[in-house]
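Counting from 1 along the sequence shown, just add 19 to a position and that's the residue number in the numbering used here.
Don't read these hints as lab results, they were simulated from the structure. A couple of the hints might just be wrong.
With a straight-line cut-off of 20 Å between C-alpha atoms, the simulated PhoX-like cross-links for lysine-lysine are [to be verified]: (1) Lys54 / Lys124; (2) Lys120 / Lys57; (3) Lys124 / Lys66; (4) Lys146 / Lys66.
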Amino acid sequence: MMYILYTLIKIKLGVYEVESIYIAITGCQHYYGTKVLKPGTIVRLEKDLDNDYDDEAIAVTLAPLGQVGYVANSVGTVPRGCYSAGRIYDRFGSHAFAVVKFVTKDLAIAEFLEEDFVKVTIKFRLKEKRKKKYKNKT
20 MMYILYTLIK IKLGVYEVES IYIAITGCQH YYGTKVLKPG TIVRLEKDLD
70 NDYDDEAIAV TLAPLGQVGY VANSVGTVPR GCYSAGRIYD RFGSHAFAVV
120 KFVTKDLAIA EFLEEDFVKV TIKFRLKEKR KKKYKNKT
């Protein structure tokens, strides 16, 4: 039996208008590449407390795959107009969410969702893929 995984995601934003904060997701080539990120995809941002190279490292994860990259945090990786990981690090507790807006060959741009204004419900539904029946022509 073969199963296909569908993800249904609903986002509810608060009534307050907030300035959009954009972040860059880099390092995707070390995981699954940018092909798994599509505009509208919701990713989870998690503080990477065990990172030896960056005290403000924020890992980007995508269910059910796991880690798909990091929030850019250096002058060479943060595109103009985006916030670095250091600028958003203190805006959330252990995790937050972002919505992918644009995807390029090397990175993705996502809109950071403020923790106070977001409620995310993720539902998974397994659907059985049916095998096609072929008639034997003789």
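* Asked: Is the hinted pair Lys120 and Lys57 satisfied, with a Cα-Cα distance of at most 20 Å?
  -> holds, 8 Å
* Between Lys124 and Lys66, does the CA-CA distance stay at or below 20 Å? -> Violated, because 25 Å separates the two Cα atoms, which is more than 20 Å.
* Is the straight-line distance between the alpha-carbon of Lys54 and that of Lys124 20 Å or less? -> Given pair Lys54, Lys124 holds - Cα atoms ~8 Å apart, limit 20 Å.
* To do: Measure nothing beyond the straight line between the CA atoms of Lys146 and Lys66; if it is 20 Å or shorter, mark the hint as holding.
  => violated, 33 Å
This entry does not satisfy hints 3, 4, going by the numbered hints stated previously.
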